[in-house]
Amino acid sequence: MAREIGEVILDLQNISLRFGGVKALTDISFNVREHEIRAIIGPNGAGKSSMLNVINGVYHPQEGTIIFRGEKRREMEPHMAASQGIARTFQNIALFKGMTVLDNIMTGRNLMMKTNFLHHALFWGKAQREEIEHRKKVEEVIDFLEIQSIRKTPVGRLPYGLQKRVELARALAAEPSLLLLDEPMAGMNVEEKQDMCRFVLDVNDQFGTTIVLIEHDMGVVMDISDRVVVLDYGKKIGDGAPDEVKNDPKVIEAYLGTSH
Amino acid sequence: MFYREAGQFKASYQEDQQIFPIRQDRIGFWVAMAFLFLAVPMIANQYWLQAILTPVLIFSLAALGLNILTGYAGQLSLGSAAFMAVGAFGTYNFMLRIDGMPFLVALVLGGLCAAAVGILFGLPSLRIKGFYLAVATLAAQFFIVWVLVKFGWFSNYSTSGVITAQQVEIFGFAFDTPLLKYLLTLVIVCVFALFAKNMVRSATGRKWMAVRDMDVAAEVIGIRLMGTKLQAFAISSFYCGVAGALYAYMYLGTVEPEGFNLDLSFRILFMIIIGGVGSILGSFIGAAFIVLLPVFLNVVMHTSIGAFVPPNIAANLELIIFGGLIVFFLIVEPHGLARLWQLAKEKLRIWPFPH
Amino acid sequence: MTFFFEVLIGGLLSGVLYALVALGFVLIFKASGVFNFAQGAMVFFAALTFVGFTEVLPGWTGLAEGGRAVFWLAFLLALGSMIVLGIATEKVVLRPLVNQPAITLFMATIGLTFLVEGIAQGIWGTSVRGLDLGIQDEPIMWVLDRADMIVSKFDVFAAAVALVLFIVLALLFQYTRVGRALRAVADDHQAALSVGIPLKHIWAIVWGVAGFVALVAGLIWGARNGVQFALTFTALKALPVLILGGFTSVPGAILGGLIIGASEKLAEVYVGPFVGGGIESWFPYILALLFLLVRPEGLFGEKHIDRV
Ligand SMILES: Nc1ncnc2c1ncn2[C@@H]1O[C@H](COP(=O)(O)OP(=O)(O)O)[C@@H](O)[C@H]1O
Ligand SMILES: [Mg+2]
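Residue numbers (the working numbering), protein chains in the order written: chain A, 1 to 260; chain B, 1001 to 1355; chain C, 2001 to 2308.
For the record, the hints were derived by calculation from the structure and aren't laboratory data. All C-beta atoms, glycine included, are put in the ideal place defined by N, C-alpha and C. Accuracy of the hints is not assured; some may be wrong.
[Stated by the list, open to error] Using 20 Å as the maximum straight-line C-alpha spacing, the simulated EDC-like pairs for lysine to aspartate or glutamate come out as follows: (1) A/Lys97 / C/Glu2302; (2) A/Lys152 / B/Glu1015; (3) A/Lys97 / B/Asp1215; (4) A/Lys137 / A/Glu34; (5) B/Lys1129 / C/Glu2297; (6) B/Lys1129 / C/Glu2268; (7) B/Lys1150 / A/Asp202; (8) A/Lys136 / B/Glu1015; (9) A/Lys152 / B/Glu1169; (10) C/Lys2303 / B/Glu1333; (11) B/Lys1150 / C/Glu2268; (12) A/Lys137 / B/Glu1015; (13) C/Lys2091 / B/Glu1333; (14) B/Lys1129 / C/Asp2306; (15) A/Lys126 / B/Asp1215; (16) B/Lys1150 / C/Glu2297; (17) A/Lys137 / B/Asp1016; (18) B/Lys1010 / A/Asp202.
[What the hints assert, rightly or not] Cβ pair distances, simulated, as ranges: (19) C/Val2164 / B/Gln1166: 39 to 45 Å; (20) C/Pro2101 / B/Phe1151: 55 to 61 Å; (21) A/Gly125 / B/Arg1023: 42 to 48 Å; (22) B/Lys1345 / C/Val2084: 29 to 35 Å; (23) A/Lys126 / B/Trp1351: 40 to 46 Å; (24) B/Ala1051 / C/Pro2101: 44 to 50 Å; (25) B/Tyr1047 / C/Ala2230: 29 to 35 Å.
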């Protein structure tokens, strides 16, 4: 692969997150390097999604520090994360159900749009030019993910697999430098999974996007990720290259010990 | 057979962005405009202009305002009438207190007052959603009407807050007949409807809908919930405010704060539910429906059918039918009459060969 | 000082009535997750139906007008009507909307409000009726003599009835099978379904109970202010009560009701004169709104973070 793994861009230090009495994350530290594909694995309820939510500010941890591109923070805010180039998809599809595929993806570019509602009310000159300019970018994403034929379809009418793809498209439209994917292949058939794998690898390869990915399918994880973090009951029990992690007795025990 | 897009290719994104991408729709639109601007003035009598067409247009604007907030941005409000009141009383005071104030400027300023008040009462939307918010908007409904009644300044110290709209002149030309009032209302409403359509088909509208459909996801792609919701509140209230001013100046002439009561707010809500939540066209259809239904019932009750309806039922027929229709539409066609119209067009598109 | 306490007590007692309406909301919300805006209309429906029956029953049955027999018969018939109304609502309106967004259901219950009000007046007419429960709205002499305070007999009676009702409901929920099932349903619909709790029955029962609560509220309220359309506006004040108390908490509804009742009366008496009076019309809503800004989850609600 052409890409070259670079410096640490995201460093999470001693993150702890609680919901009432539930400890979702306990004292977790790990980092993500530029251009790498970093997987987070672990049984259900281990705290994987919570981890992503902490990274882009949907959840605020009670303890810990987040260092992103050299800036140190107690917690992130979602729009702050977005404006610094972090995009994501969700475990349970979080598309805008009442909008078409095209509009969903266009919202991904909202941060780059400079016109305001007054321009839009007139829909003239600047507003129109901007709309067209971003439409072109969005069409590139549409081509990249091969969803040309469903452009004008309301997303609610699409099958599950395609919805996942549209969600990825929306995230990509923001041209993120860090992409968080929460179980992008869950519930897909083999063919859809292969497509999705290919897209993830292509994004990483062609755009150099750093990717943090939660995935249950061990085969996929071993194939595509550079490093893996393993969570169990909110604690980190493993961290390293796929091969190392796979043979780690603690990890094996966590996976055999729970009904997976 | 005649309504289809086959053979109409779009060569550019610009063409793809048109309000009516299908040629037949464009033609239909201009025919409707010609009808409203040219035919109606020739055929409609005073009663129709004054008691039906003008109020339908004004309520369409109010419904448009509520639709922006509820249909597009997903924030339910039960206080639309109060924002109309702010617009009406705001415009009145600008006209009253500033010499030579042009009506159109006062109208916009009245709308801006409503927008400011709207932002104030929209603040809770940052922390609460759904019916919690609906209850909070009831505060606006009751509080604003009370303020307008109790503080005489707003109505220039008239009894119980009644105001009488000043004569409307634009560049020295007086709009004093039902026909002229209708035409002026029509122009204003068309312009604002176009603005609304433009907003909802561009980034502004996408932000509103994103917040409506999935607020967490919207936040994550960088949409600020606070700004977006308050913006929707402001613009929605502006529309309602302008509608309220037109209600006073173009329709009733004399209004009191109590006229902008909860019942009116509900009526506007019913307009968008029946017309179509999240549809510009639906706002118009809904307003027409809600204004015309009582007129229609009245006519029916005066025919021989009316004799069979017990007087108690007849007196409450409006309540029963409105209530029943709301429930019916929400169950059967939650997108209202506008969707039915759209479905009919889709049918037409493939007619006569459905495959 | 005595005056302050008079106002306070008067306020608390009217708060009991708000709490009664709010209780109906809470029951339905807990059981089916529906915010039933029509609860106020149902109170009106109940009161009007009761009065209507007391008017027509003597003619139909030959029972003495204003007698005990007529009262109880009318009560039972009104209760029956409420249960029918509740179950019909559940089946015809809410069942078909079950998977719709909460806001759609809410709007449907606004439509239902109009429908119920229209039907009630369509059957019984629009005139204002008196409703006599045989308890006078007059000062209790004992209190007047000793503390020099005016406390209405009727208000105390109303509070006592409400108290009994709250206790009975609390006991039912705590100790009966249906009550336990209901609590399970409120906690988690899916889970309750999967362990075989027949949701449909539970919902029907809850709508019946809510109808009963509405009837009690309607009787007391109607006896105090007459049975008239304005009742539906007063009943709306149960909404700020709910915001204060939280939508799922019975103690919250009671406490919220008392707070709203007491504070609106105190505000009217002590603040009202400075701003022209009539602030009762909006005070509860503004209070609830300000409260929301500070504590969106209500007095007893738990802080909730959306799961994604
Ligand atoms: N918003 C929330 N409110 C309360 N508890 C939560 C919330 N989000 C996650 N949790 C809890 O945190 C724990 C970890 O959940 P999650 O991060 O979703 O796990 P995973 O993605 O690994 O399956 C679980 O016990 C879950 O119930
Ligand atoms: Mg998860």
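Worksheet item: Which of the stated hints cannot be reconciled with the structure, identified by number in ascending sequence?
Response: 1, 4, 6, 7, 9, 10, 15, 16, 18, 19, 20, 21, 22 and 24
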